[in-house]
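Protein sequence lines, in the order shown, are assigned to chains A and B. Position one of the first sequence corresponds to residue 1 (the numbering used here), numbered consecutively onward. Position one of the second sequence corresponds to residue 1 (the numbering used here), numbered consecutively onward.
Among these hints, one or two may not hold up.
If several chains are the same, the list does not tell them apart, and a pair holds so long as it fits within one copy or across any two.
[What the hints assert, rightly or not] List of simulated lysine to aspartate or glutamate pairs, DMTMM-like, C-alpha gap at most 20 Å: (1) LYS341 / GLU135; (2) LYS91 / GLU234; (3) LYS8 / ASP25; (4) LYS21 / GLU32; (5) LYS237 / GLU118; (6) LYS336 / ASP46; (7) LYS21 / GLU191; (8) LYS295 / GLU120; (9) LYS51 / GLU4; (10) LYS227 / GLU120; (11) LYS239 / GLU126; (12) LYS8 / GLU265.
The hints are simulated quantities; they were obtained by calculation from the structure and are not laboratory data.
One-letter residues, chain by chain:
Protein chains: 2
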Amino acid sequence: MFVERKVKDFINIDPLQTGGKLTEDARRMLVEWGDGYSVCDFCMGDLHGIKNPPIADFIKDLAEFLGCDVARVTHGAREGKFMIMHSLAKKDGIVVVDSNAHYSTFVSAERAGLNVVEVENSGYPEYKVIEERYEDAIVEARRKGDVVLAVLTYPDGNYGNLPDVKAVAEICHDKGVPLLLNCAYSIGRMEIKAEKLGVDFVVGSGHKSMASAGPIGVVGMFEDYAKVVLRKSERFKNKEVELLGCSVRGVPLMTLMASFDHVKERVKRWNEEVEKARWFVREFESLGFELLGEKPHNHDLLHFKTDKIYEISKKVKKGGYFLYHELKKRNIHGIKPGRTKSIKLSTYLVPKDDLRKVVQAFEEILDKYG
Amino acid sequence: MFVERKVKDFINIDPLQTGGKLTEDARRMLVEWGDGYSVCDFCMGDLHGIKNPPIADFIKDLAEFLGCDVARVTHGAREGKFMIMHSLAKKDGIVVVDSNAHYSTFVSAERAGLNVVEVENSGYPEYKVIEERYEDAIVEARRKGDVVLAVLTYPDGNYGNLPDVKAVAEICHDKGVPLLLNCAYSIGRMEIKAEKLGVDFVVGSGHKSMASAGPIGVVGMFEDYAKVVLRKSERFKNKEVELLGCSVRGVPLMTLMASFDHVKERVKRWNEEVEKARWFVREFESLGFELLGEKPHNHDLLHFKTDKIYEISKKVKKGGYFLYHELKKRNIHGIKPGRTKSIKLSTYLVPKDDLRKVVQAFEEILDKYG
Ligand SMILES: Cc1ncc(COP(=O)(O)O)c(C=O)c1O
Ligand SMILES: Cc1ncc(COP(=O)(O)O)c(C=O)c1O
């Protein structure tokens, strides 16, 4: 059975997709290492220690890239979050999280048997994390149980907001709570150094932001917590319990490795991406759409309030799906079918010419139905 | 960065590798769906419900293939085991497992906070699971805590033994304990129907036995336990907690789907594979090696006691590694470097001509050093 990927040659502005496109090297790696467990050809019992292919060296480089003592690959950002929460979990344990957090943060906590206390955001139109509120949230949470961890989403997947990490880290540490920074949308796009930012854990997403085949993620931490999170099995002394021995025993890891040089380079050009995103915001604003989230915006993930699209959807036969079909006709993919009141997109690594086509498409659509 | 897979064109008899080689369709799928989260192009919030590519249909077919009500894809057999154990876990909970179980069964239990009580095997030379001993083990375990699950490895990864599942299932169910069958080495090789075998859960390994890129596994169960194991998040009603919402959000799933027709066909030819394995056993016995595990053997995973190799290793300069180097010269891969007292290999889908070369290689090596 073979299934064609229909949108392969479309202009893709899906926030999930722009940072996960493979490099040429990664594409070659896929075929070379596609068979089953091929990365385990020369395994001596621990995935992260494999020398051939050079996984062990990569893991060391990765730790440095993340500004951490220790790094691991996981099946994704969420599996990294779960692994950390599960290791720190206690009866009546609580995680304090920003209310912009991804659903997988809440579900990870639920799976780990932890309750969640949320730090409210500033609401419409910027929905900013209010850093100082971490203090109150921790105090409030402590009335109900033991605060085992705080999580900050950097940026969140809804507005692309980048809160002040250091401010949150300081509060958490003053209160004796470790801080996990969820960098699913930043590691591989921007420079993220855990040490500089003062956080205890970082997690990233290979398929989302590191030019890798899914599913794969990364996690970074320091020696203190590594002893807890990466504890070894009592019976099998070389197996890390939270990784069930080995995590990404297959080809996504090889694509992550293949793209790593490219990723290290591209984070240096992050400013250009922010510039391009801001240009796109101006263009979209001139069509009458309103940016939600931080202004000026500091990330390629853009969320627009699109009243005009919503008004049209109420009048047309296809309802909310008219937009999807109009974009599809123009080989543009990535706006969730049926969404009209607001839409999310990403400009990351999308050539400016293609973005111009996107702007033009929306202009035409508004004209056609306006 | 590109890394060549050096042993790509070798005769590969590594038990980890013979069942995970991709089909041509799977290889094409890799390239087509390699980018990041491409399988999520048309996701409506649940990986297992995606219609384009036809994941939802595949998951239904998979459940039927496994003889279950419900199937899911996981990151591997071990992640399936953990998910089940974690769902059933209780304070002072115990899992009863056969002592041939894979390390990942023990580590899954450890991660889920469960204690393990082992069912002893028959020892040298057959190391058979003694099915009736599950009864005593459950009784003994109940003195220490609550038995939440029994696990049987089918076959185990050390001897390739296939115990009498129905006998174990009957005992477990008489005692009110659900049974998980670990089919990492059987699903995708042999016909496995959970219903026919009378087990509550099956897990399989895509990269090990289903011609898939790693990491991916499958799990099958029935409605009763699906309610527990696949429970939905309280807050996010369409997210399964144990899957953290979505599991294999990437290309390994597409390779599993691509190879599925082939896998369904190949399980019908399992008898031929058993015949070939038995022929190989006779050849190896005639070289003076002794098969460990069940006789006659019912699986392609073969474990030989190799006294002659051990004797040679004590005399030669390279010590235990001489065998690895001799085989490498002959383009044969898959015997763990350094092992001499006993070796493990698999004949699965290895052409008979290649197996003849393996036999000949050992013959030459014994002659050379004998
Ligand atoms: C902020 C954020 N964190 C985590 C995730 C999940 O990433 P992964 O698939 O690597 O678990 C997402 C996915 O959309 C996200 O937006
Ligand atoms: C019997 C058995 N179960 C489970 C596994 C692990 O499979 P997976 O990599 O899919 O977790 C193995 C791997 O060697 C095995 O031999």
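First find the shortest C-alpha distance between LYS21 and GLU191 inside one copy, then the shortest across copies, and answer within, between, both or neither for a cut-off of 20 Å. Answer is within; shortest intra-copy Cα gap is 19 Å, inter-copy 38 Å.
How do LYS8 and ASP25 come out at 20 Å by Cα distance, when the copy is not named: within, between, both, or neither? Close inside one copy (18 Å) and across copies (18 Å); limit 20 Å.
For the identical chains here, do LYS341 and GLU135 meet the 20 Å Cα criterion within one copy, between copies, both, or neither? Answer is neither; intra-copy 34 Å and inter-copy 61 Å both fail.
How would you label the pair LYS51, GLU4 (within, between, both, or neither) given a Cα cut-off of 20 Å? between (36 Å within a copy, 13 Å between copies)
Please work out whether the CA atoms of LYS336 and ASP46 approach to 20 Å or closer within one copy, between two copies, in both situations, or in neither? between (40 Å within a copy, 14 Å between copies)
For the identical chains here, do LYS227 and GLU120 meet the 20 Å Cα criterion within one copy, between copies, both, or neither? Classified as neither: same-chain Cα gap 32 Å, cross-chain 33 Å, threshold 20 Å.
Can you tell me if LYS237 and GLU118 fall within 20 Å by alpha carbon in one copy, between copies, both or neither? between (38 Å within a copy, 19 Å between copies)
Is it within, between, both or neither when you check LYS8 against GLU265 at 20 Å Cα-Cα? neither (25 Å within a copy, 31 Å between copies)
Pop the pair LYS91 and GLU234 into one bin, within, between, both or neither, using alpha-carbon distances up to 20 Å. between (22 Å within a copy, 19 Å between copies)
Go through the copies and call it for LYS239 and GLU126: within, between, both or neither, with a Cα cutoff of 20 Å. Neither, since 45 Å and 27 Å both go past 20 Å.
Given a CA cutoff of 20 Å, do LYS21 and GLU32 count as a within-copy pair, a between-copy pair, both, or neither? Both: 18 Å inside a copy, 12 Å across copies.
Within, between, both or neither, where LYS295 and GLU120 count as close if Cα-Cα is 20 Å or less: within (19 Å within a copy, 66 Å between copies)
Of the numbered hints given earlier, the model fails hints 1, 10, 11 and 12; all others are met.
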